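Visitor: Using the hints provided, position chain X with the ligands relative to the given structure of chain B.
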Amino acid sequence: MEKKILFANIDDPGQPEIDTYISKGGYESFKKVLKEMKPEEVIEEVKKSGLRGRGGAGFPAGMKWSFVPKDSPKPKYLVCNGDESEPGTCKDRVLMEHDPHLVVEGMAIAAYAIGANHAFIYIRGEFDHPANQMRKAIGQAYDKGYLGKNILGTGYDLEMIVHTGGGAYICGEETALLNSLEGKPGQTRIRPPFPAVEGLYACPTVVNNVETLSNVSLIIKNGGEWYASIGTEKSTGTRIFCLSGHVKNPGNYELELGTPLSYLINDLGGRVIDGKKLKAIIPGGSSTPILLPDKIDTPLDFESIAQAGSMLGSGGVIVMHEDTDMVWVARTLAHFYMHESCGECTPCRQGTKWIYDILSRITFGEGKMDDIDLLLDLCDNIDGKTICPLGDAAVIPIRSTINLFRNEYEYYIKTGKPLVNNKFMSFV
Amino acid sequence: MALSTESIDAIKEAAARYPHKKSAILPALTIAYRQIGYLYDDLYIEVADAIGVSPNEVASAATFYTMFPKQKVGKYLIQVCTNISCGLMGAESLKEYLLKKLNVKEGGISEDGLFTVVSVECLGSCTTAPMMQVNQTYYENLTKEKVDEILNDLREKG
Ligand SMILES: Cc1cc2nc3c(=O)[nH]c(=O)nc-3n(C[C@H](O)[C@H](O)[C@H](O)COP(=O)(O)O)c2cc1C
Ligand code: FES
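Chains B and X supply the protein sequences, listed in that same order.
So the mapping is simple: the working numbering equals the position in the first sequence, first residue as 1, plus 378.
So the mapping is simple: the working numbering equals the position in the second sequence, first residue as 1, plus 471.
These aren't lab readings, by the way, just hints derived from the structure by calculation.
Please note that a few of the clues may not be correct.
Chain B regions said to be covered by chain X (calculated; three or more residues, Cβ under 8 Å) [to be verified]:
1) 460-467
2) 539-551
3) 554-561
4) 685-699
5) 722-730
6) 739-753
If you're wondering where the values come from, they're calculated on a predicted model, not measured in any experiment.
Glycine included, each C-beta is placed from N, C-alpha and C at the ideal position.
In isolation and in its complexed conformation, chain B is listed as follows:
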């Protein structure tokens, strides 16, 4: 069901102002941790909540924080990931635009918990408005004494910096993000060492998604147990799902984890447009396998979606109706991964281009029947053979469309025309 905890105040136009935020109890959690809690206790509370990362992989947040070595003499850093470039995803932007202090407070608490005196938020370069909202909120927090030196007389110092990127998808991957934050090209690093040990400027660093960190002040305020009571046993809390594509009411909806996909698409989304039949769903951003309509009752939680053969990913739910040409879907996404491959690993750099070329050939009516197996072969030669998971992600839509819609590829190759002609392709 819809449950607005992150979105509790999202419709209040005054919310980005610090006085409004404070009048609703804002920054009380940060004050509480500074005055009453040791960093370990904060980590413990977050562990208790069961909060898992919202950036894609779903790693437990409290556990990640506990990997930061306490005895390291080096400075420690917190980095909030606001790169948001997984196709189909646009939720972090909403939080940054409409409730920026929720993000700032979450970052401040996390920084305190890991012993960082510097916190960065990396925002994709195109997000000018969200970055301005964050800058304004951070400025207000400094003015109120919630950031800066000797915060509220507790002796804790925290500087918070907005960093804007240069429009590269790969910079959402945490090690590429760190390189980018250091002023370098956004190429990925081999792990280990993991960022918690050797991250920004080779110092211990925690990278968390915007939505992940936005939950933190709520967990401190209401307790880890409260948070764990929402959602399912292993997938606690809520998530913001970005519903896009062929539905009547697209939008960002915050749901209790475990809510059926059908509730999102039919009840909130108002079903498929124009009374068309549902054909396919990408449940967690472009890097997650396609689900067929028979999976529409799958509960939206990490485990159930995995069982259905896909992933919760970044929360981008993309709905496609019967008039969607699945070879076009594959080619569109192949173009994306080719464009965004950072070029570091040969299988990804060359393979994504090759895949795109073959798909283009098919859509230009020059495909050969062997092309389908050639595509699958290329996928095998990329998957698991690159430094970062961009390569693994790139093959997912290709395999997924071939597995589920092979007949559409075959028809295209035989006749030079799509089996289904995208009939939605006009905005006018």
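Guide: Leaving out everything else, chain X with the ligands in the frame of chain B:
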């Protein structure tokens, strides 16, 4: 010198914010391209001087990031998202409409020097598709009427 004093000051201020000034390269490139419109080799030297790093370091970052235009574009750079969610809602036809209406080729500059139209990957606006970004501003849930209005406004502003 192509960079204005304001830009140089803003770059220096950015560099002072970071524990290591090299981190200011991307913010500095953002400041530079927003002032000039695009990036080019000699500009990297100016940016590097303002931060206090080597021009090579600036160039290697600048060339990696596709968001910074590397050649002259119209006063209004129109970026149409043609990725999946926008594509499902008619992004290709939106782009065709813009190209025809402005009488330009993709990536070219309209005769009045005002417009360049390019297609880009997902801009994080998927639930409000189709959409386009004009310089820094997002325009969402586009219809033909809206696009006409936006173009008229921009033309009037000149
Ligand atoms: C290719 C690629 C792109 C990614 N893009 C993003 C992104 O845009 N935003 C994000 O928060 N995480 C992204 N991630 C995941 C990050 O690497 C990292 O796991 C995440 O920021 C950790 O935060 P979390 O534990 O709070 O989810 C991406 C990963 C990969 C492999
Ligand atoms: S697909 Fe167009 S903004 Fe995301």
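Visitor: Could you run down the list of hints and mark each one as holding or not?
Guide: Outcome of the hint check:
Evaluation of the coverage hint for the region 460-467 of chain B: fulfilled, as 6 residues show C-beta separations to chain X shorter than 8 Å, against a requirement of three. Closer than 8 Å: that is the beta-carbon criterion, and the region 539-551 of chain B has 8 residues meeting it against chain X, so the requirement of 3 holds. Only residues whose beta carbon comes within less than 8 Å of a beta carbon in chain X count, and the region 554-561 of chain B has 4; three or more means the coverage holds. For the region 685-699 of chain B, the assignment as covered by chain X holds, since 3 residues bring a beta-carbon within under 8 Å of that chain's beta-carbons and 3 suffice.
Coverage of a stretch by a chain is defined here by at least three residues with a beta carbon nearer than 8 Å to that chain's beta carbons; for the region 722-730 of chain B and chain X the count is 0, and the condition is violated. Counting residues of the region 739-753 of chain B whose beta carbon lies closer than 8 Å to any beta carbon of chain X gives 0, which falls short of the minimum of three for the stated coverage.
In summary, the numbered hints that this structure violates are 5, 6.
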